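Q: Respectively, the protein sequence lines represent chains A and B.
First residue of the first sequence: 1, per the working numbering; consecutive thereafter.
First residue of the second sequence: 1, per the working numbering; consecutive thereafter.
To be clear, the hints were calculated from the coordinates, so they are not data collected in a lab.
Please read these numbers as outputs of a predicted model, since none were measured by experiment.
Cβ atoms here follow ideal geometry from the backbone N, Cα and C, with glycine treated the same way.
Hints are all accurate, no fakes.
Listed next, the in silico PhoX-like pairs over lysine-lysine satisfying Cα-Cα at most 25 Å (straight line):
hint, chain 1, residue 1, chain 2, residue 2
1, B, 228, B, 178
2, A, 63, A, 123
3, B, 225, B, 203
4, A, 104, B, 178
5, B, 178, B, 203
6, B, 169, B, 225
7, A, 202, B, 225
8, A, 104, B, 225
9, B, 217, B, 136
10, B, 169, B, 203
11, A, 202, B, 228
12, B, 167, B, 228
13, A, 63, A, 44
14, B, 136, B, 167
15, B, 178, A, 202
Derived CB-CB ranges, DEER-like:
hint, chain 1, residue 1, chain 2, residue 2, range
16, B, 34, A, 40, 52 to 60 Å
17, A, 95, B, 160, 36 to 44 Å
18, B, 139, A, 31, 52 to 60 Å
19, A, 31, B, 160, 48 to 56 Å
20, B, 188, A, 30, 42 to 50 Å
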Amino acid sequence: MSQITIAASSNAFTQLFNVIRDNFTFSKSDGGNFGPFSANYSVKLHLSGGSVQLNDDNTVEVKNVDVVFDTLTLNLCLNLPGFCVGGYCLIPDPWNGCLVGIPKICIGGPVCIPIDLSGLVSKISDLKANLVAVYFVDPARDPSWSDLDAEFNGHPNKWRIFLNPVFVHVDPIDVPATLENIIENLIKDAIENTIPGPGWLKDLLIGPALDVLESIFGFFNTIIDDITGFISDLLGNQFDLLGAIETAVADYFAAQNPLYEFEDPYPILPASGGLIPVKIPIRDLTSHVNSKEMIVEANVGV
Amino acid sequence: MKATIDPNLYTQIGLDSGSLTILGSIVHSLGDPGEYRVALHHGETVEGVCFITSDKSSPVAQATVDLATLGTPPEQTGGAATSGDKGCGCGGGGEQSSGGQRFTVNPRGYVLFRVSSGAGGYYVHVRRIDADPKDKGYDSRTLGGGDLFSAVVLRPGTYSVYNTLTKAKGALVVTYPKIGEKGHVPPDPIRVECGTGSFEPAKLQIQPGQGVIFEAKAPSRIEIKLEKPDDGPRGSQTPSRTGLRKLTLK
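If we strip away everything but chain B, and leave its shape as in the complex, we get (with noise of 0.2 Å):
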């Protein structure tokens, strides 16, 4: 486990499901045994490329494509530690690549969509390889049902939460930390469905960094967006640290 800092942690307020960035991740099965090519897409760009075998002699149950590695060349990367990743060392690329990450996970395994650093802003699309033409293909941009997607939201403050497709609303308060206390560490994940017009709770109240799972029970596409900040005590100018010397440790 390495600290970092990126910037993007507290740069990037709000997420989209269908434009992952660095705290936002997406779960979907794969389902039907077969070879899948997944295409990074950045905005219209495609940025890379990598394949999914769903395999039942797999044993596998979950496959990570980090796709801040699939989007940049294997040299510049520290490569994906991720599960179910052959490590193959592939071309990022294009459409055009022949190259790719390999994964390979069990047809009743998952594959976690994640972003483990930079600006991010990805989605992906999922085709098996030997698909119909008609077939459209997986398109993360909608998540299906049985689909999740995880939001961690670290800056305090109330959101709005929106299901682009389904017009559902609900409210999320993001609660200002607790100053100076022992470390920070943020609670169990809590759940919410996200049904054909609603969610379920519609209401939610969470700590920084406290992880959100959205389980989509019809097409789905979550926006989380900052309507009003919480700067904590003493508002957004000075940060609310006590002094040091306050604090009896022993």
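Same shape as in the complex, but just chain A (with noise of 0.2 Å):
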């Protein structure tokens, strides 16, 4: 039996997950080359809301956090082909094709359509995870010093518990159907302002830009009138971004903010009147929850 039991509440654990909840935040910008067109994004987003529910099967589950993209914008490029004109024979050869050629001049360009998306809102459907206690050395604290310089100096030897996620899914990133005529006209506006000149110029140069984007939305095996669900996919599995964020939830949780620490060796009195402080060492620090409460057991001892 150990020698120290301490637990606790169902609604107790639920603010030590907030706190660290209310602290996530990422940040990714990353781009890709996707054959028929270019595209790069920047996000950045934290967490909010869910709720969080303890098993007794020693297992935690988050449902429903929201994932707020403060910022969310897509940078989509097309190489707009254009068309070409010379590139025709002068003076045919009767016996060897052309004896002289005029070469070609082609009209084209990129076209870069900037997308701002921030202040969607996306969601971690499901966190599972499990308790693990680890026991940590501060790497800053010098080998030479006692338990009782480490704390003068900061650098206590601690045990932390934290929240380590087993399965974590995030859901699509839903872009409002709302927002398609908005993205449709911000196509649309790209091609009218990057392409400068007159109308019949560019009722010359849509045909090509038509192809573009017919070749990109076959890319995703979709039509045209689907652009949200293209820039959903776009967003979430051409760049992995669900994965990303997914990877960097667990990682938050599992390795870098415990839920809870304790000093170790743990201060019992504080220093006063001259004396030391009393501090007792912890050992075989162990977590883990049921539908109640979360426990951790542990021992003393040097």
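From the two separate chains plus the hints, produce the assembled complex.
A: Have a look at this one:
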């Protein structure tokens, strides 16, 4: 039987979780080339809300945590091929094709579409975890220090209890259908603004632009009407942004930010009246949950 | 093949074989073997020179002289990617310049004078280095028999075609592009003979970007002028593009 047993109610556990959740931030920028087009994005997000449930099988289940994209910008660049003039034969060679030809002059160029999706919200629909206790030796602690020296210098050893996710699932980024018209207009505006010149030139170039869009949407095996689905797929799957968020969340909870930590040796009485503080060493610390509470057990010993 | 949107492609409406721009080119055969000096004129100003060797032993049938690079110091150009270009890296300079790009072509071959970029407005004066002082050489403002003038017209509309030397007149209609269909591919060029008093054919209808090759059978200077623009079904104020949503792409 353990010499020390501490319990935190389900509500207390939720409070501990909420503090860590609120400190989570994630930012990433990436880009890639997808054949007919290239794209890059920049994202910054935080977590909010959600429910925590403790289970009798020693697991913690977190559901419906909002993934709030404070910044989510996507830049979609099409290499508009345009069309070419010239490139024909001026003087044919009756025996060998062309004797004198004129070089091509091509009209086209890159068209970039900036899409700002900041403010969108996705969800961590499910996060299942267990608790793991890890003994932490502060790397800043001088090996020659005693436990008392380490405390005085602010680098004591610690027992840390982490929420160790074994499963994290972030829902696909749901680009609202209401944005579809806005995005379409952005595409039109990009072609309109990026390609200078009069209307007749744009009318000449819109055909090649549609060819490119067709190849893009063909690449994603969808149709042009599903622009929002295309963007969601591009971010979530092609760039694997969802996977990156899931990995970041798992790493954040499992290795970076403990739910709770105990100093070792644990201070019982503070220093007073010229006496040094009283501290007891903690050994064999474990933690687990049932449906009502989190339980931490440990022994005292050297 | 590098895509570009040179504003001169759509701001320069109309062509003149005596003032070459980005959409107009001339083909000329030097004929006799020898060393030729080509002076690049922009108005009365000589903006560059190059030299062409017409050599019987040369297998080169086409020398392409890019007038845009001829008139610019070499460090400011991307280099002339032309067949027959020896690429000696020569100065633009003026008439006094001792350097100049050098080209070699077979006497039975041809020299293509073109403008790859920029505003252009050039003509060339080609003269044998050892020519008799009375020999004025070749002035591209007057196309001789066998010369070609290649013209590409992009802007839809109705144009007049005029040979300022023979007074021959013709008409050219550039149709408005069909909007929103597959990417535009200009059809093959059409050929027009410039006779002593007429064009054959005298009336042309082409698509935007389709080439027109004028074959000089008599001294010619071809001017193509926009007479009536065609701004499409909705006029000049509004581009007549259809919305992307209306087009189903499978």
